[in-house]
Amino acid sequence: MRSCRALQATAVVKSSLQLKLKTSTEDTCISLIKQCHTLKSLKALHASILRSLHLHLHSLTNLISHYASLGSISYAYTLFSHCNSFSNDAFLWNVMLRGLVDNAHYHRTFLLYTRMPYLHIAPDNFTFPFLLKACASLRILNLGSQLHAHAFVYGYSSHVFVANSLISMYAKCGLFPVSERVFDKMPQRSIVSWSAMIGACLQCGFHEQGLLLFTRMLDQGIKPNRASILNATACVRRENAAHHMHRVIMDNVLDNDHSVQNATMLMFARCGRIDLARSLFDGFTYKDLVCWASMIDAYARADLPLEALLLFNQMRLQCVLPDSITLLAVIQACSILASLHLARTLHAVIIRCFLECQLELDTAVLDLYMKCGSLTYARKVFDNMKGRNIISWSTMLSGYGMHGHGKEALHLFDQMKALIKPDHVTFVSILSACSHAGLINEGWECFDSMVRDFGVTPTSEHYACMVDLLGRAGQLNQALEFIEKMPVRPEAGVWGALLGACRIHSNVELAEIAAKSLLNLDAENPGRYVLLSNIYASLGKRREAYRIRNLMKSRGVKKKVGWTSIEIKGKMYTFVAGDRANPEMDLIYSELGKLMERIRQEGYIPDVSFVLHDVEGETKEMMLYAHSEKLAIVFGLIKLGHESSIRITKNLRVCGDCHTATKFISKVTGREIVVRDSQRFHHFMNGTCSCGDYW
DNA sequence: TGTAGGGCCG
Numbered sequence: 001m002r003s004c005r006a007l008q009a010t011a012v013v014k015s016s017l018q019l020k021l022k023t024s025t026e027d028t029c030i031s032l033i034k035q036c037h038t039l040k041s042l043k044a045l046h047a048s049i050l051r052s053l054h055l056h057l058h059s060l061t062n063l064i065s066h067y068a069s070l071g072s073i074s075y076a077y078t079l080f081s082h083c084n085s086f087s088n089d090a091f092l093w094n095v096m097l098r099g100l101v102d103n104a105h106y107h108r109t110f111l112l113y114t115r116m117p118y119l120h121i122a123p124d125n126f127t128f129p130f131l132l133k134a135c136a137s138l139r140i141l142n143l144g145s146q147l148h149a150h151a152f153v154y155g156y157s158s159h160v161f162v163a164n165s166l167i168s169m170y171a172k173c174g175l176f177p178v179s180e181r182v183f184d185k186m187p188q189r190s191i192v193s194w195s196a197m198i199g200a201c202l203q204c205g206f207h208e209q210g211l212l213l214f215t216r217m218l219d220q221g222i223k224p225n226r227a228s229i230l231n232a233t234a235c236v237r238r239e240n241a242a243h244h245m246h247r248v249i250m251d252n253v254l255d256n257d258h259s260v261q262n263a264t265m266l267m268f269a270r271c272g273r274i275d276l277a278r279s280l281f282d283g284f285t286y287k288d289l290v291c292w293a294s295m296i297d298a299y300a301r302a303d304l305p306l307e308a309l310l311l312f313n314q315m316r317l318q319c320v321l322p323d324s325i326t327l328l329a330v331i332q333a334c335s336i337l338a339s340l341h342l343a344r345t346l347h348a349v350i351i352r353c354f355l356e357c358q359l360e361l362d363t364a365v366l367d368l369y370m371k372c373g374s375l376t377y378a379r380k381v382f383d384n385m386k387g388r389n390i391i392s393w394s395t396m397l398s399g400y401g402m403h404g405h406g407k408e409a410l411h412l413f414d415q416m417k418a419l420i421k422p423d424h425v426t427f428v429s430i431l432s433a434c435s436h437a438g439l440i441n442e443g444w445e446c447f448d449s450m451v452r453d454f455g456v457t458p459t460s461e462h463y464a465c466m467v468d469l470l471g472r473a474g475q476l477n478q479a480l481e482f483i484e485k486m487p488v489r490p491e492a493g494v495w496g497a498l499l500g501a502c503r504i505h506s507n508v509e510l511a512e513i514a515a516k517s518l519l520n521l522d523a524e525n526p527g528r529y530v531l532l533s534n535i536y537a538s539l540g541k542r543r544e545a546y547r548i549r550n551l552m553k554s555r556g557v558k559k560k561v562g563w564t565s566i567e568i569k570g571k572m573y574t575f576v577a578g579d580r581a582n583p584e585m586d587l588i589y590s591e592l593g594k595l596m597e598r599i600r601q602e603g604y605i606p607d608v609s610f611v612l613h614d615v616e617g618e619t620k621e622m623m624l625y626a627h628s629e630k631l632a633i634v635f636g637l638i639k640l641g642h643e644s645s646i647r648i649t650k651n652l653r654v655c656g657d658c659h660t661a662t663k664f665i666s667k668v669t670g671r672e673i674v675v676r677d678s679q680r681f682h683h684f685m686n687g688t689c690s691c692g693d694y695w
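Counting in the UniProt record's numbering, the first sequence tops out at residue 695, every number present.
No lab work stands behind these hints, which were simulated from the structure alone.
Below are the PhoX-like pairs computed for lysine-lysine, each with C-alpha atoms no more than 25 Å apart in a straight line: (1) K407 x K417; (2) K553 x K516; (3) K380 x K407; (4) K185 x K133; (5) K417 x K386; (6) K516 x K485; (7) K541 x K516; (8) K639 x K571; (9) K516 x K560; (10) K569 x K380; (11) K421 x K407; (12) K559 x K516; (13) K223 x K185; (14) K516 x K558; (15) K541 x K559; (16) K639 x K594; (17) K639 x K667; (18) K639 x K569; (19) K594 x K667; (20) K421 x K380.
Could you put the whole structure together from the sequences, leaning on the hints where they help?
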């Protein structure tokens, strides 16, 4: 209840306001409107204004604008409806259009615009930017082009405000060349034009071009503003460029700006300098939610889930409440760890929060459960979702695919097709589901139906899935022929699929053909070198294997450190090869030795070709035994009850020898062992794996 | 009355 003193204070304010308004000019009235930071205070002022003086149109327009900016679009619209007949000035309409756009009422924005000609109100250079922004938000290219034509008819298409908005609109709708053309033809450019064009490069993935444009802008003596710096910073992908950009930011004294600080931090993280990102983060005197969320997300993207979760806890300890976007980053981190316990806790937090972006969160949680190995929970989330978009359907499909449940994926795909038109991602999901489950004919049928039934043109990624499918069937030459006949240029994934097939079928000739393209197209990817070198090694071509390892070294490509994690009673344990960090390591190694002996008796033969180090046979075997996968499995066997299945997660593709050994372990221990690797899930049971030895 | 920091699927 409000106290008596508070009521008195409000009365004093009100009476002074009345006095001010009585003697006020329109300018002071507008300035008073601008001082209102809450809807309540604005309404109070509005009431006072109504009592005190006749409102001029200019003040009214400001009032409408302010109501809209405080989120009260209904108040704004009511006011607008009462006064739009007094004037045929576009100003009032522009303000209302802006209010609608800013509050995401895009369709109402277009409706309002269509009423303008009937009232003989001509749009002006301010009208089009708002409408184009609405088109950009909805990605409606047709409408955007129509508005472009309208702007041309009214003589505003080259106006700097309008052209700037056209650049952004076309880029958001994916038509980069048109953005470029608008920019090139502008008779005059402002800093906003440059910023919008750099933003367009960013939007369409032309990062280098965006940076070149930024440099060109600086060379022309144009002082960068905040937006151009933000866009250019987001274009940076290399460490050198990052340091250079950091200097530009400091030279322009923008390093105290929150958005710029945040963008700088993300830039270093993207360039592989998560350490620099963290030290910037630690140095920020004020950390807002965006800043916390960005750093958490950066850790997750850098494959450092524990750091991400630790930071999330610190954030909560400082009483910063997470929003949906922060939680999405935390979900990503959790899905790397594949901790089902953590997933359930996080899910509970999300359910309690009643956050925005429910659809996105539900989809992320669904993805999380499936990556934690629980298709059951994932399906439950999917079934309980209030609405489903194409992403949620595709996620569920890929979930079935990852677990090798091809038939279920196809069944779901049938249901989906009746409700929603599949897109290119859906087809990647369903094709890879067919491939993972070995459903060759069904895969071909899906591939054929893409263009025929849905008008989706296959991209290189779809061809990669088909190469994988052919490879699984052992049709390697057909796969090569298929690649050669592709109407689009085969990207790394296509050759990668062929190389993977060559590993399974020990075909060194085709492997070399695949590798030739691959080591150029995907030269930065350590996995490609490792795979080729392993193929050579498995065929006894040690010299060739070393050559590839050396090539990798000379190109400065670093092999990713492999780790395997296992969750025991809600706690995550992570192992790396030859690990000695766990305090129970002596026990683990002794149990490992016994287990290896048991499976050898069952017929397991260590495949030492996976060890390249120049060491003697017995030591080699020891090195194989100490692989992180095996250490984690043994730890699970020691710690978990006899009934429970062993679930482990490897950050890279599972090693061939470990795959064989795990089959034997599942046989001798009678345990179900579930391995999640970077590609898919392997369910081991009674000596066989759900992947059918193809991955 | 124009641009603008973090986010779901393969």
